[in-house]
Amino acid sequence: MGFSEATHARAREIIARYPAGRERSALLPLLHLVQSEEGHVTPAGVQFCAEQLGLTKAQVSAVATFYTMYKRKPTGDWLVSVCTNTMCNVLGGQAVYDALSEHLGVGHDETTEDGTITLEHAECLAACDYGPVMTVNYDFFDNVDPDIALNLVERLRAGERPQPTRGARLCTLKEMSLQLAGFADEREGAVADGPPGASTLRGVRLAQENGITVAGFDPGTPIGKPAERPAGPEKANAGAATAAGVASNEPARDASPSGQPSEPRQRNLKEAK
Amino acid sequence: MSATAVTVPRREVLEKLTPVLTKRWLSPDAWRIDVYERLDGYAALRKALAAHPDALIQLIKDSGLRGRGGAGFPTGLKWGFIPQNDGKPHYLVVNADEGEPGTCKDLPLMMHDPHSLVEGVIIAAYAIRADRAYIYIRGEAVHAARRLRNAVKEAYAAGYLGRNILGSGFDLDLVVHSGAGAYICGEETALLDSLEGFRGQPRLRPPFPATHGLYASPTVVNNVGTISSVPYIVLGGAAWWKTMGTEKSSGPMIYSLSGRIANPGQYECSLGITLRELIELAGGMQPGHSLRFWTPGGSSTPLLTAEHLDVPLDFEGVAAAGSILGTTATQIFSDQDCPVYATYRWLEFYYHESCGKCTPCREGNYWMVRVYRRILSGQGTYEDLDTLLDTCDNILGRAFCGLGDGATSPVTSSLKYFKQDYLDYIEGRTAPKLSDKALVGAH
Ligand SMILES: Cc1cc2nc3c(=O)[nH]c(=O)nc-3n(C[C@H](O)[C@H](O)[C@H](O)COP(=O)(O)O)c2cc1C
Ligand code: SF4
Ligand code: FES
Numbered sequence: 000m001g002f003s004e005a006t007h008a009r010a011r012e013i014i015a016r017y018p019a020g021r022e023r024s025a026l027l028p029l030l031h032l033v034q035s036e037e038g039h040v041t042p043a044g045v046q047f048c049a050e051q052l053g054l055t056k057a058q059v060s061a062v063a064t065f066y067t068m069y070k071r072k073p074t075g076d077w078l079v080s081v082c083t084n085t086m087c088n089v090l091g092g093q094a095v096y097d098a099l100s101e102h103l104g105v106g107h108d109e110t111t112e113d114g115t116i117t118l119e120h121a122e123c124l125a126a127c128d129y130g131p132v133m134t135v136n137y138d139f140f141d142n143v144d145p146d147i148a149l150n151l152v153e154r155l156r157a158g159e160r161p162q163p164t165r166g167a168r169l170c171t172l173k174e175m176s177l178q179l180a181g182f183a184d185e186r187e188g189a190v191a192d193g194p195p196g197a198s199t200l201r202g203v204r205l206a207q208e209n210g211i212t213v214a215g216f217d218p219g220t221p222i223g224k225p226a227e228r229p230a231g232p233e234k235a236n237a238g239a240a241t242a243a244g245v246a247s248n249e250p251a252r253d254a255s256p257s258g259q260p261s262e263p264r265q266r267n268l269k270e271a272k
Numbered sequence: 000m001s002a003t004a005v006t007v008p009r010r011e012v013l014e015k016l017t018p019v020l021t022k023r024w025l026s027p028d029a030w031r032i033d034v035y036e037r038l039d040g041y042a043a044l045r046k047a048l049a050a051h052p053d054a055l056i057q058l059i060k061d062s063g064l065r066g067r068g069g070a071g072f073p074t075g076l077k078w079g080f081i082p083q084n085d086g087k088p089h090y091l092v093v094n095a096d097e098g099e100p101g102t103c104k105d106l107p108l109m110m111h112d113p114h115s116l117v118e119g120v121i122i123a124a125y126a127i128r129a130d131r132a133y134i135y136i137r138g139e140a141v142h143a144a145r146r147l148r149n150a151v152k153e154a155y156a157a158g159y160l161g162r163n164i165l166g167s168g169f170d171l172d173l174v175v176h177s178g179a180g181a182y183i184c185g186e187e188t189a190l191l192d193s194l195e196g197f198r199g200q201p202r203l204r205p206p207f208p209a210t211h212g213l214y215a216s217p218t219v220v221n222n223v224g225t226i227s228s229v230p231y232i233v234l235g236g237a238a239w240w241k242t243m244g245t246e247k248s249s250g251p252m253i254y255s256l257s258g259r260i261a262n263p264g265q266y267e268c269s270l271g272i273t274l275r276e277l278i279e280l281a282g283g284m285q286p287g288h289s290l291r292f293w294t295p296g297g298s299s300t301p302l303l304t305a306e307h308l309d310v311p312l313d314f315e316g317v318a319a320a321g322s323i324l325g326t327t328a329t330q331i332f333s334d335q336d337c338p339v340y341a342t343y344r345w346l347e348f349y350y351h352e353s354c355g356k357c358t359p360c361r362e363g364n365y366w367m368v369r370v371y372r373r374i375l376s377g378q379g380t381y382e383d384l385d386t387l388l389d390t391c392d393n394i395l396g397r398a399f400c401g402l403g404d405g406a407t408s409p410v411t412s413s414l415k416y417f418k419q420d421y422l423d424y425i426e427g428r429t430a431p432k433l434s435d436k437a438l439v440g441a442h
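Heads up: the sequence lines are chains A and B, in that order. Just so we're aligned, residue 0 is where the first sequence starts under numbering that gives the first Met the number 0, counting upward by one. Just so we're aligned, residue 0 is where the second sequence starts under numbering that gives the first Met the number 0, counting upward by one.
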């Protein structure tokens, strides 16, 4: 099957975002793009990306298989992801995942027989203050429990589109893949959807309610003068850049390839023994 | 701690709140450019474009701003190391890959105040003389990316991006680039490889990104919170910025509180606040829970305990207490949570996210997960504890990037403080948490 003319046009648009000679940067968005037409990354999708960028299919596949959001099997309309990383997990996320898995009769990265729902467990989704969380096509449902989750998937199967707690109203996974490829959400008002949740605002509200502001803010404060730059900046700064790199992150070497400052970690190891 | 009941914070603790980066979140439409402009928006850009780029680098140096992505490197210094007049293109790359377990401060910022990041990007790019900038945003973060892309579009339309910005002669293109699900792409060199269209695997250093970053050109990689701080420093000045925080850790910081507290959420406070004070702000522990262990800055930072309630949460204070400030993601666990199980689940994460490039991390995490499954299913042995520490010994300092080193943090720190919890599984006093089903392949 060939890809549509719209997809070809979009591919050109994506590639044009990156500097000439650096077209390969377009590979991740192009892989999202082929998913927007086919629902997962098919051999035809791999070939399409390879042709657009002058890469081999093996080069494209090696990239596609590295990232979890590129799906290798057909997916349902609704990708249901449940966070089971530690915080959500202990707050009940594992129970949510287990209940869904049993109810839907599918495991991780599997799709229901009717083809509507793909289930997966996810790692920390950067929403721990709303834990346990789950997402549908990556939009959030916060503070869920097994009952809420079961009700949610049943509504999805019944053709409804429940409103996420934050973020925009639901769209299909293919539509979402187009956004991931870097295109605007064209749905009327979708960008405006999603008021801030209570946890997000907790600290700043507390400050507001108690009349706390940071004193002394004067937007007219002068910026000041530049520091003198040493002559022959190119060489001087290349040396300095390495020195700074060494200070923040030592060079790789056999004894310590990561070079990360690990003194506190070393101490924990010693004291655990 | 005594804070087992819901509390009302005292005045002196409330005064540690410093609403700066979070302030506009209260205006529900601040993501729209016209509302943003009414709330001081793009005033910093006008001011910055009238100044010499080197003056901006000096200003950021003077402010003492340190990176908000975990390592705390001085931002002005980093900018200053970009070679000038070298005839090469320069790049600014914003790290918006937020994925360190517990961390949840960058996504709300991009959701509710995306223009502050865009404005920060333009000023930072002007300072380091970059004419292209990228925001690499975590793939799953579609809600924030939607707002961010909209903000970039609005900024182009208003003449803040593109050619000859506000008549200054400065040109800048900004692309929002979505990732595709890989925690390792938060590591700055893996991020650059990913942005170049490769598997996201860390690079050997040197050379460092400051000279050979994106497309082998001088590149600054900064966290979302770092870059979003810039407009405020440009407006309020370095001296004002330093009225917040401590001498070596200046400014406000968004502390992300999750877990067993009455009111989880984002609390922007003066750097150096303590966990005792944060819990007070959060209304105390949840009824019936008392603090047992916590992470000061994500799962890669060694666990601390109720003994550490009064440690100042700045870069130096946390290091002195044997951990790392990291991303100030304080995940709070109680006497009803098991440190062995918590560590196990984090290890599953590191095992899953290991990029596979180096043996200590790839193999070490694989085996540690299996050992944890055995312990948690009631089949652990005393030797298992030695195996865990030996494995950490083989990873720490031998892994190719910070992911491997980070994986050892929960293991060594939980064994240091909570060895009895491990022994309780091994000696049969705690009922198994995992079934035999989870044990397949564990031996
Ligand atoms: C495994 C790993 C994951 C990381 N993830 C992130 C991340 O998601 N966001 C981030 O800003 N920094 C992350 N970092 C830190 C970056 O490598 C880098 O230090 C940071 O982006 C620099 O920006 P800053 O100086 O503004 O903090 C990570 C580091 C490691 C080792
Ligand atoms: S430490 Fe882990 S994530 Fe980092 S390079 Fe090695 S295998 Fe990859
Ligand atoms: S642990 Fe679930 S969102 Fe962080």
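Because the hints were derived from the structure by calculation, they are not lab data. It cannot be assumed that every hint is accurate.
[What the hints assert, rightly or not] With a straight-line cut-off of 20 Å between C-alpha atoms, the simulated SDA-like cross-links for lysine to any residue are: (1) A:Lys224 x B:Arg128; (2) B:Lys241 x A:Ile211; (3) B:Lys241 x A:Thr212; (4) A:Lys269 x B:Ser333; (5) A:Lys173 x A:Glu36; (6) B:Lys46 x A:Pro218; (7) A:Lys272 x B:Asp392; (8) A:Lys272 x B:Thr304; (9) B:Lys87 x A:Gly238; (10) B:Lys152 x A:Thr241; (11) B:Lys418 x B:Arg369; (12) B:Lys432 x B:Ser333; (13) B:Lys432 x A:Asn150; (14) B:Lys60 x A:Gly238; (15) A:Lys173 x A:Gly20; (16) B:Lys418 x B:Asp336; (17) B:Lys432 x A:Ser100; (18) B:Lys87 x A:Lys173; (19) B:Lys247 x A:Gln265; (20) A:Lys224 x B:Leu234; (21) B:Lys247 x B:Val310; (22) A:Lys224 x B:Gln200; (23) B:Lys87 x A:Gly20; (24) B:Lys46 x A:Gln93; (25) B:Lys415 x B:Arg361; (26) A:Lys272 x B:Lys152; (27) B:Lys418 x B:Tyr381; (28) A:Lys173 x A:Ala5; (29) B:Lys46 x B:Asp336; (30) A:Lys269 x B:Leu234; (31) A:Lys269 x B:Lys247; (32) A:Lys272 x B:Leu234; (33) B:Lys418 x A:Gly238; (34) B:Lys87 x A:Glu22; (35) B:Lys241 x A:Pro221.
[Stated by the list, open to error] Simulated DEER-style distance windows between Cβ atoms: (36) B:Glu362 x A:Ser100: 46 to 56 Å; (37) A:Ala226 x B:Gly168: 16 to 26 Å; (38) B:Ser289 x A:Pro42: 48 to 58 Å; (39) B:Asp130 x A:Glu109: 44 to 54 Å; (40) A:Val245 x B:Val7: 40 to 50 Å.
By construction, the Cβ of each residue, glycine as well, lies at the ideal position given by its N, Cα and C atoms.
Task: Pairwise hint evaluation, B:Asp336 against B:Lys46, where the allowed Cα distance is 20 Å at most - done: violated, 51 Å
Compare the distance between the alpha carbons of B:Lys87 and A:Gly20 with 20 Å, and conclude whether the hinted pair is satisfied.
-> Within the cut-off at roughly 15 Å; holds.
Need the status of pair A:Lys173, A:Ala5: alpha-carbon distance at most 20 Å?
Distance of about 14 Å is within 20 Å: holds.
**Item:** Agreement of B:Lys46 and A:Pro218 with the hint, judged by alpha carbon distance not exceeding 20 Å
**Value:** Between B:Lys46 and A:Pro218 the Cα gap is close to 9 Å, so the pair holds against 20 Å.
Self-check item: Pair hint outcome, B:Lys432 versus B:Ser333 [Cα-Cα no greater than 20 Å]
Solution: Holds, at about 17 Å.
For this session: Decide if the proposed pair is consistent with the structure: B:Lys87 and A:Lys173, CA atoms, cutoff 20 Å inclusive.
Result: Distance of about 39 Å is beyond 20 Å: violated.
Tell me if the straight-line CA distance from B:Lys87 to A:Glu22 falls inside 20 Å. holds, 18 Å
> Does the alpha-carbon distance linking A:Lys224 and B:Gln200 stay inside the 20 Å limit?
Replying inline: violated, 40 Å
Quickly compare the C-alpha distance for A:Lys269 and B:Ser333 to 20 Å and report which way the hint goes. violated, 26 Å
Hinted pair, alpha-carbon criterion (20 Å max): A:Lys269, B:Leu234. Please report holds or violated. violated, 46 Å
For this session: Assess, step by step, whether the Cα of B:Lys46 is no farther than 20 Å from the Cα of A:Gln93, and give holds or violated.
Result: violated, 51 Å
Problem set entry | Straight-line alpha-carbon gap B:Lys418 to B:Asp336, limit 20 Å | holds, 15 Å
When the structure is compared with the earlier hints, violations turn up for hints 4, 10, 13, 15, 18, 19, 22, 24, 25, 26, 29, 30, 31, 32, 33, 36 and for no others.
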